[in-house]
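Visitor: Chain by chain, the residues run as shown.
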Amino acid sequence: MGSWLSRKSKFDDTSNTVYLMQMPRGTRVPSLSPFPLKLETYLRMAKISHKSILGFSLSSKGKIPWIRHRGKDVADSQFSIEYLNKEFGVDFNAHLTNEEKAVSRAFLKMVEENLFWVLVCYRWFFMDPKDFGFSKPIPWLWLAYIRRMTRGYAYGHGMGRHSEEEIFHIGKLDLQALSDYLGAKKFLFGDKPSETDCSVFGMLAQFVFSNIESPHCALIKKEFPNLERYCHTMRNTFWPDWDQVLKGDASSTKL
Amino acid sequence: MRLTFGDTRLLALAAGAIAVGVVLFLNASRKQRKRKKLPYKDESDTVYVVQIPRGKKVPSPSPFPIKLETYLRIAKIPYENVFARKFSSKGKIPWIRHRGKDVPDSQFAIEYLNEQFNVDLEAHLTKEERAMSRAFLKMVEENLYWALACYRFIHDDVRKADYPSVIPTWALLLFGRRIKKYAWGQGMGRHSVEEIFHITKLDFEAISDYLGDKKFLFGDKPCVADCAVFGMLVQVVFNQTYSPHNALIKSEFPNLERFCWTMRNAFWPDWDQILAA
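Here the protein sequences line up with chains A and B, keeping their order.
Residues 1 to 255 (my numbering) make up the first sequence, in order.
Residues 256 to 532 (my numbering) make up the second sequence, in order.
Looking at chain A on its own, in the form it has when it is part of the complex:
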């Protein structure tokens, strides 16, 4: 694995197609990681021609997803979006006021730097791996390695130092904030989706569609039903082919 794989002929560096490197599809969500789902939702929203390459080739920063466009690699989903905004003249925040743009960034970071770690801790420490929704069972050696690595990362971040109840509570407060701000609106900032909607959807889809056995999914259904409604809105609007994608369609190819 590694960057030598990324130079295979699957990438056509002369076309305007954006190649999105991401993990193989899940059985319940197009990606079990919120960041590829965020990035792919953005590409669909922006109607940018793209193709997903499914595999585990990590970026220069050691992570997934990353993109290649006209021979240029961009690592990190947010830097990728900033690059694509410039390349394709896209700005999903153009209709927002300055204060709304500020709030948009705050929610983006709350979801990606806080709620994300709640998801990670729950998935890798407290849930049964067969409930993840991976297409194949994870070999026990890989599972042990990923758990060990995640424990170290989560401890360094801080979330890993809390108890399960405390982590659940932190997740609940974040979900409450999202629910209260969304209210009865179609998207976070009204009738038009913004950039942050891609990220919020990418994260919430993990709770609502993937981790359906988790206590946060039950919490959303019971106390924050507008978040589930929002996920269906985003899915129906930008992923009408959701079921075909899960089965494996032309939008993606294996590395």
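Keep in mind that the hints were calculated from the coordinates and are not lab data.
Cβ coordinates follow ideal geometry from the N, Cα and C atoms, glycine included.
Below, computed lysine-lysine pairings styled on DSS-like, alpha-carbon distance capped at 27 Å:
1. 415(B) to 435(B)
2. 456(B) to 86(A)
3. 456(B) to 72(A)
Quick list of the computed label-pair ranges, beta carbon to beta carbon:
4. 421(B) to 151(A): 29 to 35 Å
5. 251(A) to 476(B): 49 to 55 Å
6. 127(A) to 382(B): 28 to 34 Å
7. 530(B) to 49(A): 54 to 60 Å
8. 421(B) to 251(A): 57 to 63 Å
9. 421(B) to 186(A): 53 to 59 Å
10. 139(A) to 372(B): 47 to 53 Å
11. 346(B) to 212(A): 31 to 37 Å
12. 516(B) to 129(A): 50 to 56 Å
13. 236(A) to 382(B): 25 to 31 Å
14. 516(B) to 251(A): 52 to 58 Å
Go by the hints and put chain B onto chain A.
Guide: Frame of chain A; chain B shown alone:
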């Protein structure tokens, strides 16, 4: 076995070394006992805040003790600082002790104190404002914090930052290595210096744009998010005044500096008196 003169000399040296060691140990223990102990079975309402000693430019080189102490001052909760390198059960500082109960983590401490003292700094906010308040709190503590920590410990010389003199340089450098490892796991540490500066700028811009001309983030009354933002921004505005972030605030986001002065004058009128000499 008969001891030679050489053996005797060796024994005498060993005995001398042990004696010196015992004297040093007893002396250190005496100093330890003289250092202020944290009361355990205190039935008063006083909240004991355990944090590292004061700096010369800022009450704490860490944003979280300043956030917690500012909250206590706004809520007018009686508290007493215990300046010690005693870490919480979660291995961090600050933490509090109240009526014999320990609560680590500044945010859990605030939630606990809200309940104990019937405080709610967000009572005047609408539901949407409370939601935004949480979002800004998390942006500052889970994103901006790492960007600034990477600058302080990895990109720049940490010895330039204002730290209490009781913390030796080797401890700072060791902590810096740990931060580098943690930042890699968290994600921020994988970006370049320019990328991290760019991320910091976007966070400053968000806080500045939302604050605008207002006195505090949500109007004329402060809330917990203001305490967190203040604790973080003072590290740039008053501590690391030599940093490019300080120059950035002065040139592009002057209302952030104005906000820091507002918070400092309102809740830390004794700022100059409490700093280390």
